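Participant: So the chains spell out like this:
There are 2 protein chains.
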Amino acid sequence: MNRPIGVIDSGVGGLTVAKEMMRQLPKETIYYVGDTARCPYGPRLPGEVRKFTWEMTRFLERYDMKMLVIACNTATAVVLDEIKREMPIPVVGVIQPGARAAIKQTKNRHIAVLGTIGTVKSGAYEKAIKATDSSIDIYPIACPDFVPLVESGEYRSPRAKQIVSRTLEPLKKTPVDTVILGCTHYPLLEPIIADYMGADASVISSGDETARGVSAILEFNEMLSENERPEHRFFTTGSTNSFYSIASDWLGDLDLNIKKIQLA
Amino acid sequence: MNRPIGVIDSGVGGLTVAKEMMRQLPKETIYYVGDTARCPYGPRLPGEVRKFTWEMTRFLERYDMKMLVIACNTATAVVLDEIKREMPIPVVGVIQPGARAAIKQTKNRHIAVLGTIGTVKSGAYEKAIKATDSSIDIYPIACPDFVPLVESGEYRSPRAKQIVSRTLEPLKKTPVDTVILGCTHYPLLEPIIADYMGADASVISSGDETARGVSAILEFNEMLSENERPEHRFFTTGSTNSFYSIASDWLGDLDLNIKKIQLA
Numbered sequence: 333m334n335r336p337i338g339v340i341d342s343g344v345g346g347l348t349v350a351k352e353m354m355r356q357l358p359k360e361t362i363y364y365v366g367d368t369a370r371c372p373y374g375p376r377l378p379g380e381v382r383k384f385t386w387e388m389t390r391f392l393e394r395y396d397m398k399m400l401v402i403a404c405n406t407a408t409a410v411v412l413d414e415i416k417r418e419m420p421i422p423v424v425g426v427i428q429p430g431a432r433a434a435i436k437q438t439k440n441r442h443i444a445v446l447g448t449i450g451t452v453k454s455g456a457y458e459k460a461i462k463a464t465d466s467s468i469d470i471y472p473i474a475c476p477d478f479v480p481l482v483e484s485g486e487y488r489s490p491r492a493k494q495i496v497s498r499t500l501e502p503l504k505k506t507p508v509d510t511v512i513l514g515c516t517h518y519p520l521l522e523p524i525i526a527d528y529m530g531a532d533a534s535v536i537s538s539g540d541e542t543a544r545g546v547s548a549i550l551e552f553n554e555m556l557s558e559n560e561r562p563e564h565r566f567f568t569t570g571s572t573n574s575f576y577s578i579a580s581d582w583l584g585d586l587d588l589n590i591k592k593i594q595l596a
Numbered sequence: 333m334n335r336p337i338g339v340i341d342s343g344v345g346g347l348t349v350a351k352e353m354m355r356q357l358p359k360e361t362i363y364y365v366g367d368t369a370r371c372p373y374g375p376r377l378p379g380e381v382r383k384f385t386w387e388m389t390r391f392l393e394r395y396d397m398k399m400l401v402i403a404c405n406t407a408t409a410v411v412l413d414e415i416k417r418e419m420p421i422p423v424v425g426v427i428q429p430g431a432r433a434a435i436k437q438t439k440n441r442h443i444a445v446l447g448t449i450g451t452v453k454s455g456a457y458e459k460a461i462k463a464t465d466s467s468i469d470i471y472p473i474a475c476p477d478f479v480p481l482v483e484s485g486e487y488r489s490p491r492a493k494q495i496v497s498r499t500l501e502p503l504k505k506t507p508v509d510t511v512i513l514g515c516t517h518y519p520l521l522e523p524i525i526a527d528y529m530g531a532d533a534s535v536i537s538s539g540d541e542t543a544r545g546v547s548a549i550l551e552f553n554e555m556l557s558e559n560e561r562p563e564h565r566f567f568t569t570g571s572t573n574s575f576y577s578i579a580s581d582w583l584g585d586l587d588l589n590i591k592k593i594q595l596a
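Top line first, the protein sequences correspond to chains A and B.
Residue 333 is where the first sequence starts when you use the numbering used here, and the numbers rise one by one after that.
Residue 333 is where the second sequence starts when you use the numbering used here, and the numbers rise one by one after that.
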């Protein structure tokens with residue numbers, strides 16, 4: 333089934349999920365929408381997040397996608413259940429996969445969740461983790477400064493290092509051995525976060541596990557593609573130049589098909 | 333949905349999958365069937381493997397299982413598609429998850445598959461891996477002596493070491509960086525296999541990834557259990573004593589509910 337898989341995010345963060353999908357599922361075609369013009373979603377009210385996420389979903393519907401990945405934790409927390417219920421195709425988010433990977437990884441059952449204000453407020457990770465294993469302790473940390481750092485391309489700067497240290501400082505007194513990057517933008521800050529947390533803590537990106545989940549569901553439903561030369565497409569509501577700069581850096585691909593679009 | 337998950341295998345090997353499921357999904361109840369009396373399945377004709385696997389499936393049907401895991405590579409290769417098609421519940425095997433984990437792991441795209449004669453002959457791993465990524469090279473090795481070693485409890489003996497070295501010798505001349513344990517019995521030999529392959533090769537057990545896949549499918553279908561105290565059951569067609577000895581060693585649990593049954 334060679335129809336594209338839709339991947340949607342508030343901006344460039346979902347590219348961390350798309351990259352893992354391209355690596356683990358090299359025959360799948362990805363159509364990516366980044367709502368960069370209205371990023372970040374984290375501090376927005378749920379009603380807005382819901383509306384914007386549906387707009388991205390409706391936009392991709394015209395391309396006859398076979399599956400939708402909501403590659404944004406904030407959007408997953410707010411509207412995954414509703415979109416899953418209403419769409420006739422498989423829809424997956426990034427929270428359950430991140431929770432799953434962390435449950436597998438932790439040895440002492442103390443897990444930190446880094447997320448946007450919206451994601452942390454929703455309690456979605458706690459819910460997902462406790463649904464599987466009630467004995468795990470969760471330490472949520474809102475990191476409102478991380479997404480702007482990434483979207484502005486400053487994710488390797490000394491300032492990024494400062495902000496990460498300041499934000500994660502409360503974790504130093506805890507026994508956490510596993511840290512969930514509960515926002516798809518954060519993997520771009522992963523080297524700095526891993527460095528700050530030290531070698532004893534595992535840092536979990538949901539992209540990796542989401543790609544595995546997508547693979548499991550495609551295979552289970554016999555929907556894998558047989559296309560040897562998939563042609564990905566990228567749509568952004570913001571500047572194609574700044575999208576290109578981060579996307580080509582992150583994906584290691586200079587030949588990207590990017591188009592500016594309007595939603596709403 | 334607190335109904336049990338059925339796990340079936342030719343013998344004790346599927347316990348490596350069950351163990352990972354218990355760890356990653358501690359609220360799920362597992363009903364395990366090991367057809368020890370007719371183990372190994374590896375050298376048997378497909379018609380026999382098909383018949384025996386259906387017998388285990390029919391046996392578990394009376395317990396109203398919500399999902400079935402065919403935790404035996406030989407049975408997965410022969411009859412997964414048919415059972416999946418005919419049963420009204422989700423059915424998963426262990427080959428696709430093992431393939432998925434290996435694709436994620438390999439860096440140089442050279443993967444060895446260790447399996448029974450039946451699994452190697454079926455070409456099921458090649459098919460699963462190539463379906464996802466055609467550029468990967470596969471090195472299949474039939475290991476007919478491994479299952480008897482495990483079922484007899486000799487999986488830590490010097491003899492086990494000798495047999496592993498002799499069987500895997502052809503791999504020493506290849507560039508493989510990832511080895512799939514393509515039989516659920518083999519994880520009990522994993523320390524010896526990993527030691528022989530050296531630190532540069534990754535050894536993949538499908539149990540780990542199968543448990544993740546089960547988790548993904550339960551969550552996707554909203555079928556997770558909320559049972560805080562699941563009571564697992566184990567059924568064997570062979571001696572309960574030798575089943576107990578390996579199961580309690582492997583699961584680290586001395587209080588197991590094991591019952592001898594007859595199939596066929």
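By construction, these hints were calculated from the structure, which means they are not laboratory data.
Predicted model, so just to flag it, every value in this text is computed and none were measured.
There may be inaccurate statements among the hints.
Note that identical chains are pooled: a pair holds if it fits in a single copy or bridges any two copies.
What the hints assert, rightly or not - Cross-link-like lysine to aspartate or glutamate pairs, in silico, EDC-like; alpha carbons within 16 angstroms at most: (1) Lys436 <-> Glu558; (2) Lys351 <-> Asp469; (3) Lys462 <-> Glu554; (4) Lys453 <-> Glu558; (5) Lys398 <-> Glu558; (6) Lys416 <-> Asp532; (7) Lys416 <-> Glu563.
Participant: Each hint should be assessed against the structure and marked as holding or not.
Facilitator: Evaluated hints:
{"no.": "1", "hint": "Lys436 <-> Glu558", "in the structure": "neither (31 angstroms within a copy, 18 angstroms between copies)"}
{"no.": "2", "hint": "Lys351 <-> Asp469", "in the structure": "neither (31 angstroms within a copy, 22 angstroms between copies)"}
{"no.": "3", "hint": "Lys462 <-> Glu554", "in the structure": "between (31 angstroms within a copy, 15 angstroms between copies)"}
{"no.": "4", "hint": "Lys453 <-> Glu558", "in the structure": "neither (41 angstroms within a copy, 24 angstroms between copies)"}
{"no.": "5", "hint": "Lys398 <-> Glu558", "in the structure": "within (14 angstroms within a copy, 31 angstroms between copies)"}
{"no.": "6", "hint": "Lys416 <-> Asp532", "in the structure": "neither (37 angstroms within a copy, 42 angstroms between copies)"}
{"no.": "7", "hint": "Lys416 <-> Glu563", "in the structure": "neither (26 angstroms within a copy, 32 angstroms between copies)"}
Consistency with the previously given hints fails for numbers 1, 2, 4, 6 and 7, ordered from lowest to highest.
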